[in-house]
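Read top to bottom, the protein sequences are chains B and V.
Each number in my numbering corresponds to the 1-based position in the first sequence with 97 added.
Each number in my numbering corresponds to the 1-based position in the second sequence with 111 added.
Hints listed in this document are in silico derivations from the structure and should not be mistaken for laboratory results.
Here are the computed lysine-lysine pairs in the DSS-like style, where the Cα-Cα straight-line distance is at most 30 Å: (1) Lys179(V) with Lys122(B); (2) Lys170(V) with Lys254(V); (3) Lys427(V) with Lys183(B).
These stretches of chain B come out as covered by chain V in the derived footprint (C-beta under 8 Å, 3 or more residues): (4) 103-110; (5) 113-121; (6) 137-148; (7) 152-159; (8) 174-187.
Quick caveat: nothing in here was measured; it's all calculated off a predicted structure.
Don't be surprised by glycine CBs; every beta carbon is placed ideally from N, CA and C.
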Amino acid sequence: MTKEEKVTLQNEVGLHARPASLFVKMASNYTSEIHVRNLSKDTDWINAKSILSVLTLGAEQDHQIEIRTTGEDEEEAITALTSLVKSNFSDH
Amino acid sequence: MDNQNTEKERLFTGIPASPGIAIGQGYLYAQQEVDIPKHKIQNPGKEKGRLEDAITQAKEEIQSLHQKTKKEISSEEAEIFAAHEMMLEDPMLLEKAERAIQENEINAESAWMDAVEDFAEQIENLDDELFSARAADIRDVGKRVLRILMGVQQESARMEEKSIIIARDLTPSDTVLLDKELVLGFCTAEGGPTSHTAILAKALGIPAVVGLGSGILDLPADAPLIIQGYKGKVIAYPRPETTQEYQRKLEETEKRAQLALEKADQPAVTRDDVRVEVVANVGSVEDARAALEYGAEGIGLLRTEFLYLNRSTAPKEEEQETIYKEILEVMGDRPVIVRTLDIGGDKNVPYLDLGEEMNPFLGWRAIRIFLDNSEYFETQLRALLKASPGHDLRIMFPMVSTLEEIRKTKKLIKPIEDDLLASGSEIAKDIQYGIMVEVPSVTILADQFAKEVDFFSIGTNDLTQYTMAAERTNDKVAHLLDPCHPAILRQIDHVIQAAHEAGIWVGLCGEMAGDEEAVPILLGLGLDEFSAAPTLIPRVKEIIRRWTKVDAEKLARKSIRMASAEEVRNAVREHKPQPSNKKT
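Isolated chain B, as found in the complex (with noise of 0.2 Å):
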């Protein structure tokens, strides 16, 4: 069992400086893995639960990425972290 979902990116750095602290934050929270993929650069599926890998994406404004969860809570952790992007990082 797999979950997945696109996103795109509207905030204006794209997955970098605080909202990439945020993701990984958000996605260390859950023990599902989680991977991520920034679909405009076609890159390869990472790990999302890493920051440096993340920054790898290398995921600016307006790309479009896709997150994949797959494990205990992967439902609930695939609906945070695609809100998390949709709110454009705002914190709660």
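Starting from the known structure of chain B, fit chain V onto it as the hints suggest.
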């Protein structure tokens, strides 16, 4: 290089970054380049253990640097260490290094640095500059762990006596590592007046010259040096006469600074009994505390940008209120002038969608943005009003250029007050509202603006840039930006007169208020309030105490009829002030 006592005196010229004189030995602060040892190992488990221990220790170091930076420099500077910590916790980095230890049977040092370099290169090669800049952070973190693995001492521990730091440029990681007690000054080959080095030096109150060119790095590590921060000069191998001359200047400065600091708590009263207010420019709670120590009688400029930068959403009302309250409480019943968000097209605030502009300084900035996005403006005003009870809060608006903007702003304030009062919140009585005077349209119509507000605060940095049509960030036109130019002095004169006729007071919160040569002129022009960086306050007060208002007025009248800033400054230097013998 031949290091003999017969070296000739050599002068290096750079950009002044922090004033003051320092005399001492150079200390070449090189980013330590250690050779990474590589060898086969027998026991991968043991190597992994070493690596994990080193990472744990590095994390502790970074956490303490984070705290230290927050305390000694600023929260903004400290943020970088939160990012470093996160990199150390990266599971893929650790996995990559441990796999190399296991499979290739190599030592922790080389496995770790290979993994670090692999990520650094991948990120460096991204074509977006924003991303590639992070590669330096990854390598910084990597070297920290390497140093711990190899048991190499930290750079700071090796500096044993007071020295002048020579470096290419300093990163936040370097600057906090330095033992502040042992640093006499900084000279860097690169960097501009807003580099980390400059910010740090100013915060510590020690001299610094930046942008000296790479020639400075070729000096032998222990070369005798003199820094003259104010002039942007560095002298290597000074002749004995030169050293004596600067030694004397330094002693005088230190004596003056000591005397000034002792009297920092006392008011600034001229020899003919005219008192002016001396307050501080601050940008955080820590700054406000420092300001009190240096004798600030209030805050003349609280910059609120720190609340808005480096984040993806605007700060909420409650968050802002808490911070304003904290600063107001530090200051008690002293006046605190808060400037609403002053941001322009050259800073990145994602949620405001500033866009790219050809001329950010002439573009959509400060109150122009706020009036177009009044929900952000209202949030800041509500937070300020809610924090106000029991304090002398004053609010000022930056980059005003028309009367219409003031009137629109006032129309926003009234309903907020009504709403807060209706919902049972308290608001301090008699909150003063003022404007920054920094656009020539305002100085020209100062009499009309004076009728609309409770006070003026002249922002000479921007007023000078707009008057001289010379951008503040462009080195090539920097020579045009002297606020002592008579074209600026006349505007200040006009603004003060218009304000006093209308019965309102005038402050000045640009660098000029802390400029030793400008202070007597401003005093003579009738300025009511000087707002400068906290460390400059004792000196500003001391200068005011040496003058009579009458003498200062004569100097000011003479200055506004001169033709150049240089002529004005020479006139101030020629005037021999009487020693301060004031009762208080």
